[in-house]
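Protein chains in written order, with my numbering: chain A, 1 to 142; chain R, 1 to 143.
In case anyone wonders, no lab produced these hints; they're calculated from the structure.
Certain hints may be false.
Stated by the list, open to error - For lysine to any residue, the following SDA-like pairs were computed, each having C-alpha atoms within a straight-line distance of at most 20 Å:
1. K83/A with K129/R
2. K134/R with N140/A
3. K45/R with N140/A
4. K83/R with V17/A
5. K83/R with A97/R
6. K99/A with L114/A
7. K134/R with N124/A
8. K99/A with G29/A
9. K134/R with N77/A
10. K14/A with K109/A
11. K134/R with T117/A
12. K129/R with T121/A
13. K83/R with Q86/A
14. K83/A with P140/R
15. K83/R with E81/A
16. K123/A with S74/A
17. K109/A with R89/R
18. K83/R with V104/R
19. K83/R with T121/A
20. K12/A with I97/A
21. K129/R with K14/A
22. K83/R with T117/A
Said to hold, decoys possible - Beta-carbon label-pair distances, calculated as ranges:
23. S14/R with Y85/A: 33 to 41 Å
24. Q86/A with Q4/R: 34 to 42 Å
25. Y38/R with R106/A: 25 to 33 Å
26. V29/R with Q65/A: 19 to 27 Å
27. Y85/A with G13/R: 43 to 51 Å
28. P40/R with G102/A: 33 to 41 Å
29. I8/A with A17/R: 23 to 31 Å
30. E27/A with K126/R: 25 to 33 Å
31. S14/R with P41/A: 42 to 50 Å
32. R32/A with K45/R: 24 to 32 Å
To be verified - In silico negatives: residues of chain R with every beta carbon more than 12 Å from chain A:
33. G13
34. S14
35. K21
36. A34
37. D37
38. G64
39. G68
40. D73
Idealized CB from N, CA, C, for every residue including glycine.
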Amino acid sequence: MAEGSLNIDELKSKIGVEWEPQVYEIERGMIRRFVQAIDDPNPRWQDIAPPTFVWTIGLEKFQQQVSALAPFVSTLNGGTELKCYQLVRPGDVVTAITKITGVRERQGKMGRVLFITLDTTYKNQRQELVARCQDMVIGNLG
Amino acid sequence: MVEQLYYEDIAVGSEIAPLVKQPTTRQLVMWAGASGDYYPIHYDKDFAQSRGLPGVIVHGQLAGSFLGQLMTDWIGEQGMLRKLSCSYRGMNYPGEALICQGKVTKKYVEDGEHYVECSLWVENPKGEKTVSGKAIVILPPRG
Numbered sequence: 001m002a003e004g005s006l007n008i009d010e011l012k013s014k015i016g017v018e019w020e021p022q023v024y025e026i027e028r029g030m031i032r033r034f035v036q037a038i039d040d041p042n043p044r045w046q047d048i049a050p051p052t053f054v055w056t057i058g059l060e061k062f063q064q065q066v067s068a069l070a071p072f073v074s075t076l077n078g079g080t081e082l083k084c085y086q087l088v089r090p091g092d093v094v095t096a097i098t099k100i101t102g103v104r105e106r107q108g109k110m111g112r113v114l115f116i117t118l119d120t121t122y123k124n125q126r127q128e129l130v131a132r133c134q135d136m137v138i139g140n141l142g
Numbered sequence: 001m002v003e004q005l006y007y008e009d010i011a012v013g014s015e016i017a018p019l020v021k022q023p024t025t026r027q028l029v030m031w032a033g034a035s036g037d038y039y040p041i042h043y044d045k046d047f048a049q050s051r052g053l054p055g056v057i058v059h060g061q062l063a064g065s066f067l068g069q070l071m072t073d074w075i076g077e078q079g080m081l082r083k084l085s086c087s088y089r090g091m092n093y094p095g096e097a098l099i100c101q102g103k104v105t106k107k108y109v110e111d112g113e114h115y116v117e118c119s120l121w122v123e124n125p126k127g128e129k130t131v132s133g134k135a136i137v138i139l140p141p142r143g
């Protein structure tokens with residue numbers, strides 16, 4: 001978490017700046033663990049990943065980066081819009097690149113709240129667009 | 001598996017067979033490991049309570065993945081989920097049922113593709129919509 005008070009202008013200056021690409025080699029075991037976690041018995045998901053699997057690509061790093069943006073007391077996922085162009089298979093190498101697309105601030109009942117929108121593109125080893133996701137993070141500054 | 005669904009089989013207003021999920025705290029931990037989402041609000045009860053919640057909550061993207069399954073079960077192997085949007089409106093708690101539902105709102109042909117739009121939602125056992133969403137799918141036509 002960032003120290004001290006939030007400089008909103010500094011945060012807004014990060015809009016449109018791409019974060020470091022996250023490169024993931026997709027293994028069969030990753031897909032299997034995902035399918036077990038969502039408890040989806042469809043036998044199709046042995047050789048191909050379900051559409052929402054792409055959410056997990058680079059997610060841990062994504063959350064670290066988001067929580068470092070401001071000294072949040074807590075963050076919530078406000079919503080997400082996923083566009084799928086092709087399904088991921090074992091052996092694919094997927095690169096996720098995220099950027100902030102908007103920052104809004106509001107005074108809520110619980111204190112200051114930031115609404116941050118982010119856009120992530122996922123491309124495979126052939127540079128084909130696999131998916132695109134827009135996320136809304138609601139960060140409570142207390 | 002279920003038979004393939006075709007574009008001609010559905011009409012605006014058609015309902016999608018509900019999918020009921022009953023995630024446990026164990027499933028939340030499995031999701032954390034599989035997804036890399038280690039935010040403690042989903043596994044640490046003390047942390048969740050310190051943030052004003054009664055207990056740990058279900059990850060939004062896990063509930064979103066349940067809506068993804070609702071759609072992939074429905075559209076079959078030849079269908080394609082093109083877009084899935086979810087708006088997280090309330091909390092889901094482990095031990096409670098998440099009732100995933102949807103209905104067809106629009107169907108049209110564009111650039112030779114057969115599109116179907118659906119409105120989706122997740123209800124808790126009290127009947128509250130905790131997630132509302134929308135999907136656009138491509139279905140194969142008959143013949």
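We went through each hint and held it up to the structure:
no., hint, verdict
1, K83/A with K129/R, "violated, 23 Å"
2, K134/R with N140/A, "violated, 27 Å"
3, K45/R with N140/A, "holds, 19 Å"
4, K83/R with V17/A, "violated, 25 Å"
5, K83/R with A97/R, "violated, 25 Å"
6, K99/A with L114/A, "holds, 16 Å"
7, K134/R with N124/A, "violated, 26 Å"
8, K99/A with G29/A, "violated, 29 Å"
9, K134/R with N77/A, "holds, 17 Å"
10, K14/A with K109/A, "violated, 27 Å"
11, K134/R with T117/A, "holds, 19 Å"
12, K129/R with T121/A, "violated, 29 Å"
13, K83/R with Q86/A, "holds, 11 Å"
14, K83/A with P140/R, "holds, 19 Å"
15, K83/R with E81/A, "holds, 7 Å"
16, K123/A with S74/A, "violated, 31 Å"
17, K109/A with R89/R, "holds, 17 Å"
18, K83/R with V104/R, "holds, 14 Å"
19, K83/R with T121/A, "holds, 14 Å"
20, K12/A with I97/A, "holds, 18 Å"
21, K129/R with K14/A, "violated, 34 Å"
22, K83/R with T117/A, "holds, 18 Å"
23, S14/R with Y85/A: 33 to 41 Å, "violated, 26 Å"
24, Q86/A with Q4/R: 34 to 42 Å, "violated, 20 Å"
25, Y38/R with R106/A: 25 to 33 Å, "holds, 27 Å"
26, V29/R with Q65/A: 19 to 27 Å, "holds, 23 Å"
27, Y85/A with G13/R: 43 to 51 Å, "violated, 29 Å"
28, P40/R with G102/A: 33 to 41 Å, "violated, 27 Å"
29, I8/A with A17/R: 23 to 31 Å, "violated, 47 Å"
30, E27/A with K126/R: 25 to 33 Å, "violated, 40 Å"
31, S14/R with P41/A: 42 to 50 Å, "violated, 24 Å"
32, R32/A with K45/R: 24 to 32 Å, "holds, 29 Å"
33, G13, "holds, 24 Å"
34, S14, "holds, 21 Å"
35, K21, "violated, 7 Å"
36, A34, "violated, 4 Å"
37, D37, "violated, 6 Å"
38, G64, "violated, 6 Å"
39, G68, "violated, 4 Å"
40, D73, "violated, 7 Å"
Hint violations for this structure: numbers 1, 2, 4, 5, 7, 8, 10, 12, 16, 21, 23, 24, 27, 28, 29, 30, 31, 35, 36, 37, 38, 39, 40, all remaining hints satisfied.
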